[in-house]
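One letter stands for each residue in the lines below.
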Amino acid sequence: MDLQTCLIVDDSRIIRKVARRIVEGLGFEVDEAADGAEALTYCMAAMPHVVLLDWQMPVMDGLAFLRRLRDLPGGRAPKVLFCTIETRADRIAEALSAGADDYVMKPFDGEILQSKFAEVGAVQSPS
Amino acid sequence: MTPEDFDRLQTLLASRAGFRLTRDRMHLAEHRLGPVARREGYHNVEAMLATLWNKPVASLGWSVIEALLNSETWFRRDRAVFDVFARELMPALTSARPGGKVRLWSAGVSTGQEAYSLAMAALESRADVEIVATDLSQQAIDKAASGLYTSFEIQRGLSAKAMLRWFEQIDEQWRARPELRKAVRFQRANLLDDTADDRQFDVIFCRNVLSDLEPGRRAQALDRLERRLVDDGCLFLGFDERPDGDSVAFRPVAGRRGLYVKAPSAVRRAA
Numbered sequence: 009m010d011l012q013t014c015l016i017v018d019d020s021r022i023i024r025k026v027a028r029r030i031v032e033g034l035g036f037e038v039d040e041a042a043d044g045a046e047a048l049t050y051c052m053a054a055m056p057h058v059v060l061l062d063w064q065m066p067v068m069d070g071l072a073f074l075r076r077l078r079d080l081p082g083g084r085a086p087k088v089l090f091c092t093i094e095t096r097a098d099r100i101a102e103a104l105s106a107g108a109d110d111y112v113m114k115p116f117d118g119e120i121l122q123s124k125f126a127e128v129g130a131v132q133s134p135s
Numbered sequence: 109m110t111p112e113d114f115d116r117l118q119t120l121l122a123s124r125a126g127f128r129l130t131r132d133r134m135h136l137a138e139h140r141l142g143p144v145a146r147r148e149g150y151h152n153v154e155a156m157l158a159t160l161w162n163k164p165v166a167s168l169g170w171s172v173i174e175a176l177l178n179s180e181t182w183f184r185r186d187r188a189v190f191d192v193f194a195r196e197l198m199p200a201l202t203s204a205r206p207g208g209k210v211r212l213w214s215a216g217v218s219t220g221q222e223a224y225s226l227a228m229a230a231l232e233s234r235a236d237v238e239i240v241a242t243d244l245s246q247q248a249i250d251k252a253a254s255g256l257y258t259s260f261e262i263q264r265g266l267s268a269k270a271m272l273r274w275f276e277q278i279d280e281q282w283r284a285r286p287e288l289r290k291a292v293r294f295q296r297a298n299l300l301d302d303t304a305d306d307r308q309f310d311v312i313f314c315r316n317v318l319s320d321l322e323p324g325r326r327a328q329a330l331d332r333l334e335r336r337l338v339d340d341g342c343l344f345l346g347f348d349e350r351p352d353g354d355s356v357a358f359r360p361v362a363g364r365r366g367l368y369v370k371a372p373s374a375v376r377r378a379a
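Here the protein sequences come in this chain order: A and B.
In this text, residue positions in the first sequence follow this note's numbering: the first is 9, and each later residue adds one.
In this text, residue positions in the second sequence follow this note's numbering: the first is 109, and each later residue adds one.
The set of hints was computed from the structure by calculation and includes no laboratory data.
Computed from a predicted structure; not experimentally measured.
We put the beta carbon where it would ideally sit given N, CA and C, even for glycine.
Watch out, some of these pointers could steer you wrong.
Said to hold, decoys possible - Dumping the calculated SDA-like pairs for lysine to any residue here, alpha-carbon to alpha-carbon at most 20 Å:
{"hint": "1", "chain 1": "B", "residue 1": "K269", "chain 2": "A", "residue 2": "Q122"}
{"hint": "2", "chain 1": "B", "residue 1": "K269", "chain 2": "B", "residue 2": "L256"}
{"hint": "3", "chain 1": "A", "residue 1": "K114", "chain 2": "B", "residue 2": "A270"}
{"hint": "4", "chain 1": "A", "residue 1": "K114", "chain 2": "B", "residue 2": "R283"}
{"hint": "5", "chain 1": "B", "residue 1": "K269", "chain 2": "A", "residue 2": "A126"}
{"hint": "6", "chain 1": "A", "residue 1": "K114", "chain 2": "A", "residue 2": "R24"}
{"hint": "7", "chain 1": "A", "residue 1": "K25", "chain 2": "A", "residue 2": "Q12"}
{"hint": "8", "chain 1": "B", "residue 1": "K269", "chain 2": "A", "residue 2": "R84"}
{"hint": "9", "chain 1": "A", "residue 1": "K114", "chain 2": "B", "residue 2": "Q118"}
{"hint": "10", "chain 1": "B", "residue 1": "K163", "chain 2": "B", "residue 2": "Q118"}
{"hint": "11", "chain 1": "B", "residue 1": "K269", "chain 2": "A", "residue 2": "A97"}
{"hint": "12", "chain 1": "B", "residue 1": "K269", "chain 2": "A", "residue 2": "A101"}
{"hint": "13", "chain 1": "B", "residue 1": "K209", "chain 2": "B", "residue 2": "E287"}
{"hint": "14", "chain 1": "A", "residue 1": "K87", "chain 2": "B", "residue 2": "S267"}
{"hint": "15", "chain 1": "A", "residue 1": "K25", "chain 2": "A", "residue 2": "H57"}
{"hint": "16", "chain 1": "A", "residue 1": "K114", "chain 2": "B", "residue 2": "T258"}
Stated by the list, open to error - Facing chain B, according to a computed beta carbon distance under 7 Å, are these residues of chain A, among others:
{"hint": "17", "residue": "I100"}
{"hint": "18", "residue": "A101"}
{"hint": "19", "residue": "D110"}
{"hint": "20", "residue": "Y111"}
{"hint": "21", "residue": "M113"}
{"hint": "22", "residue": "E119"}
{"hint": "23", "residue": "I120"}
{"hint": "24", "residue": "S123"}
{"hint": "25", "residue": "E127"}
Isolated chain A (complex conformation):
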C-alpha cells in the first residue's frame, strides 16, 4: 500500500511539531504548511490524503483554504479535519458545512486525534 500523506496546516511551529509526532505515529508521511496559501500551493501540486487544518492563520485562513480546496480538481478527495481553538458550536457547524469532514477542538491529545482519523476512515482502528 502507498504511504498515506497528511498535510498539517498551522501557523504555530510548536503545534505543527506536536501534531506531526502524533500523525506520524498513525503511520502517515507528514508535510507542513504555515498558512492557507502555502497549503493551497501544496495541494495543487499533489493532493494529500488528509489535511489537519488550523482556522486562524495569516495570509489565508483555514476556512478560505477549505473552500478553495474543495473547488480544485480532485479537491474533494482529501479528508479535512479542522484543528483549532474555535470551540463554539456555530463555528463548528460552519466548518462542517464548508466541507470539513471532522473537527478537533484544541487542546487535543493523541487519543483524540487517533479517534478522529478513525472516524473519517483515514486509519483502520479497532478503537
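Starting from the known structure of chain A, arrange chain B on it as the hints suggest.
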C-alpha cells in the same frame, strides 16, 4: 504511600468491589487519592489512609474505592461493536421482538459514553429501545446521568457532526440533549451483588469489566450475566476478554469480535 498501604488497598478493593488493583497501579493510586484526601480534609494521602485503617468509616472507604476503580471509557470504544449492533443486531431484534421493543443493558457503564453511544445509534434508526446502564461507582453514575462532558471527553470517539446533533454546548462543556438523556436509565449497581431484580435483556454490554475483576469473581459475574440475558440474546465483552476459563455458558460468534451467545448447554439448563 507505603507498600503496606498499597497491600491494604488491594485487599479493600478486592473484598468490597471484587476489583483487582494491580501493582503497576500504585503510582496511579497515589495520584487519584490526592484529591480525595483534600476533599475529606486530610493533609495528605498517608494521613487519610492511617485514619481509614484505624477506624474504618464506610463513607470514606467507599470514596477511596471509587477513586481507584478503572473508569476509562470513550464514545464508540471499539467502533466495530457499535457497527455490528446498529447494522445487524438491532434490525434483527426489532423484527423478532413483540412490539419491536429491544432491551439493552450496559453493565459497568462508567461515565456513560457507552450507553449514550447505543442510544444515539438507536434513536438515529428510530428503533424502540430500553437502555439500562449500571455501574459500581456512584460518582461515575452521577456524571453519566448529568450527561456533561469536557471537550476532551466529548471528542474522544465522537464525530463533530454527532456532537452537534446530540449535545448542546454549556460554557466549556457539552451536555447530552434531553431526548438522549431520556433514552437511558442510569442506576448504581454492583454486578456481583445478588439482587431480586431478574429482568432480562436482549443484549448486554459488559466490556472491559471482567478483566479488572479478581479472577475468582469472574465466574460469578458471568453467571449473573447469563441469568439476565434472554436465551436468544447477545453478550458483548471487551476485545481482550474471554469467558471460557470461567464459564461454559457462552460461546463466541465467529467473525464478530467480542460477541457471544449462550451455549446450547446453558439454554437447555434454563429450559
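Against the structure, the hints:
Straight-line distance between C-alpha atoms of B/K269 and A/Q122 comes to about 17 Å, which keeps the hinted pair within the 20 Å bound. Under the criterion of a C-alpha separation no larger than 20 Å, the hint pairing B/K269 with B/L256 is consistent with the structure, at around 17 Å. Proximity of A/K114 to B/A270 is assessed by CA-CA distance (about 18 Å); at most 20 Å being required, the pair is judged to hold. Distance check on the hinted pair: A/K114 and B/R283 sit about 18 Å apart at the alpha-carbon level, within 20 Å; holds.
This hinted pair checks out: B/K269 and A/A126 have alpha carbons roughly 14 Å apart, not beyond 20 Å. Using a Cα cut-off of 20 Å, the hinted pair A/K114 and A/R24 holds, with the two alpha carbons roughly 13 Å apart. Straight-line distance between C-alpha atoms of A/K25 and A/Q12 comes to about 18 Å, which keeps the hinted pair within the 20 Å bound. For the hint linking B/K269 to A/R84, the alpha-carbon distance of about 18 Å falls within 20 Å, and the restraint holds.
At roughly 38 Å between alpha-carbon atoms, A/K114 and B/Q118 are farther apart than 20 Å, so this suggested pair is violated. Between B/K163 and B/Q118, the direct Cα distance comes to roughly 18 Å. Compliance with the 20 Å bound is thereby established for this hinted pair. For the proposed pair B/K269 and A/A97, the alpha carbon gap of about 10 Å is at most 20 Å, so the pair holds. A C-alpha spacing of about 8 Å is found between B/K269 and A/A101, which places the hinted pair at or below 20 Å, so the restraint holds.
Of the pairs offered as hints, the one joining B/K209 and B/E287 holds, with about 18 Å between alpha carbons and a cut-off of 20 Å not exceeded. Taking the CA atoms of A/K87 and B/S267, the gap is about 13 Å. The hint holds against a cut of 20 Å. For the hint linking A/K25 to A/H57, the alpha-carbon distance of about 19 Å falls within 20 Å, and the restraint holds. Between A/K114 and B/T258 the alpha-carbon distance is near 12 Å, which keeps this suggested pair within the 20 Å criterion.
Interface hint at A/I100: satisfied, since its Cβ lies 6 Å from the closest Cβ of chain B, which is below the 7 Å cut-off. Interface restraint check: A/A101 against chain B, minimum CB-CB distance 6 Å, threshold 7 Å, status holds. At its closest, the beta carbon of A/D110 sits 5 Å from a beta carbon of chain B; the interface hint therefore holds under the 7 Å criterion. With a least beta-carbon distance of about 4 Å to chain B, the hint placing A/Y111 at the interface is held under the 7 Å criterion.
The beta carbon of A/M113 comes within 5 Å of a beta carbon in chain B, closer than 7 Å, and the hint placing it at the interface holds. The interface hint given for A/E119 holds, since its Cβ lies 6 Å from the closest Cβ of chain B, which is under the 7 Å cut-off. A hinted interface residue such as A/I120 counts as satisfied when its beta carbon comes closer than 7 Å to some beta carbon of chain B; here the least separation is about 5 Å, so the hint holds. Hint status for A/S123: holds, given a least beta-carbon distance of 5 Å to chain B, under 7 Å.
Using the Cβ-Cβ criterion of 7 Å, the hint placing A/E127 at the interface with chain B is satisfied: the shortest such distance is roughly 5 Å.
In this structure, the one hint that does not hold is number 9.
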